[in-house]
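Just so you know, the sequences run in chain order R and V. Last residue of the first sequence: 312 in the working numbering, with the numbers rising by one and none dropped. Last residue of the second sequence: 1204 in the working numbering, with the numbers rising by one and none dropped.
The reader is advised that the hints may include incorrect statements.
Claimed, not checked - Covered, in the sense of this in silico footprint (three residues per stretch, anywhere, with C-beta under 8 Å from a C-beta of chain V), are these stretches of chain R: (1) 79–87; (2) 162–172; (3) 198–209.
Said to hold, decoys possible - The calculated lysine-lysine pairs, modelled on DSSO-like cross-linking and capped at a C-alpha distance of 30 Å, are: (4) V:1143 <-> R:304; (5) V:1143 <-> V:1126; (6) R:178 <-> R:76; (7) R:304 <-> V:1031.
No wet-lab data here; the hints were simulated from the structure. Glycine is no exception: its CB is placed at the ideal position from the N, C-alpha and C atoms.
If you want the building blocks of each chain, they are given just below.
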Amino acid sequence: MHVYLPIAEISISVEVILCLGLCVGFLSGFFGVGGGFLTTPFLMFMGVPPAIAVGTQTSQLVASSVTGVLGHWKNKNVDIKIAAVMLAGGLVGSVVGVFIFKILQALGQIDVAIRILYVVLLGSIGSLMLFETSMSLWGRKGGAGDASKTDKVSRVEKMRAHIRNWPYKIRFPESKLYISAFVPIGIGFIGGVLASILGIGGGFLLVPAMIYFMGMPATLVAGTCLFQIIFTTGFASIMHAVTNQTVDVVLASLLILGGVVGAQIGVRASRNVSGVWARIILAAIILLVSIVLAVQLLMPPKELFSVEVR
Amino acid sequence: MGQKSVYMMLVVLLFCIAASSGARAQLVSAQGEGLTLALADKYVDINTNFSGRNVVVFGVNETGGSLVVTLTGPAAYTLVRKKGQALGIWVNAKTYGFKDVPLYYDYALNGEERDLGSVDMLRADGVGVNAMQYAARARVPVAQSRPFHEALIRQKQQAKHYAYDAKLVELIGGKLFKVNFELPADVPTGEYVVKAMAYEGNVKIAERREYLQIRQAGFSARLYSYANNHSFFYGVGVVIFAVFMGYAANVILARR
């Protein structure tokens, strides 16, 4: 069955989009990630223009983040003050991101830029995750860390302490932190830029950053990050709708619908798999997507020409 | 069923026109002497479940000449980009802009294309894909813009927005003709021109035009116009909808 997308002005297969939503929902339920990094490349592959893929995806992320955050909210695992400070950076980042998006679009390089950013981001995060999780698998079997390792740790610790002591320090009682406001603002800013340009929540980048740079308690990180993502992606969505008219509500509903069902299946499936293995599988999927995109960038394309109606 | 009866009425009407010469004198313009053209529908409405449609063109040709019927979509400024390697990555390297490129083009003939006249004649009248001569925006030698021009046509053909070959004009009886244009699901919206031309030798002896509106309708059209005219409220609406969907999903999840 095909449905006509009123904003994209193309006709698209309902089954395929529902399937995509299902897969992405499964990932979000299984691993606790947004899965936006899969949706945008896949929609582009389906022939949806990059601008519409990104713009629409931001509104789908609002729905999946709301679903995700409610559980954390009930368990009081959301630090609203940190989220609010991050959001200040996130909103500015969204505006900057939409602006960069428009420039790249005018230059005719938006699809190339999106691909390169994905390859760099997913490639580095995927390899790091794979490295870290496989180390922890081996680490469990091995003994205590040697001298050089502890030395390295202390140096990283010093660097973090230095960053946190930047000016404009704010107290965050919920997380028991007293750190410079620039740290959450900076992390939020990067999240906002990514949401606008790539149509992703950026949780896979923000969560580690919040742990390493801010030193947030692990229990509060996921909920706080998701809570903040709702507003950043919501804002990015409105920005895309206003500046580019690229948010297709019909496409978004289909993605959300598939995502809702997929998330249920994902949550159930995750109960049967241990955390470490889940992380290794996720790292493998992220790496696979980045490799596919890298190949597309490096291989000579079948068709050298592309047509764009202004 | 409704469409079928409309066709029948048109056929009857056109036979009447063909039969009575008095009526003909009133209906045809000086330029369209002996040639009449009618569309089964003046509008094609694109709904949410739109998956392509047929546009049926009827006409009466009393000139005795060969017939050409073209369907041309709205024109737009179109960019053609060529990829090139930069640091090993394939990026968009070169771009040419073409003015007034029809978004859609299809045509039908009742004779062989070569019988209709010289190639230049057909070009001047915009018949056939080869007739499409777009002006490149920047002043560049034709040799440079030519590959871009060819790529543009090739891609439009692959997207089924340009015809590869001419359709056949169906002749019903002696003078009545019919052409069936098949619009794909992603047909561009806008005002289309249907042109019927009669040729004798190398000379165009008659021409008639009709206009066809292809537009979004119903729910789809309302969404489109709202998204364009009230983009802020549209954006806010989509976000509120997304929040509601996310909340509803959680409620359903929590119950189980």
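Consistency of the hints with the structure:
Given a C-beta distance limit of less than 8 Å, the hint that chain V covers the region 79–87 of chain R is violated, as 0 residues qualify and 3 are needed. Judged by the Cβ-Cβ criterion of 8 Å, the region 162–172 of chain R is not covered by chain V as claimed, because only 0 of its residues qualify and three are needed. Counting residues of the region 198–209 of chain R whose CB lies closer than 8 Å to any CB of chain V gives 0, so the stated coverage by that chain is violated, three being the minimum. For a cut-off of 30 Å, the pair hint linking residue 1143 of chain V to residue 304 of chain R is broken: about 36 Å separates their Cα positions.
As the CA atoms of residue 1143 of chain V and residue 1126 of chain V are separated by approximately 13 Å, the hinted pair is consistent with the 30 Å bound. Among the hinted pairs, residue 178 of chain R with residue 76 of chain R is consistent with the structure: their alpha-carbon atoms are about 20 Å apart, no more than 30 Å. Taken as a hint, the residue 304 of chain R and residue 1031 of chain V pair is honoured in the structure, with Cα atoms around 10 Å apart against an allowance of 30 Å.
The structure shown violates the earlier hints numbered 1, 2, 3, 4.
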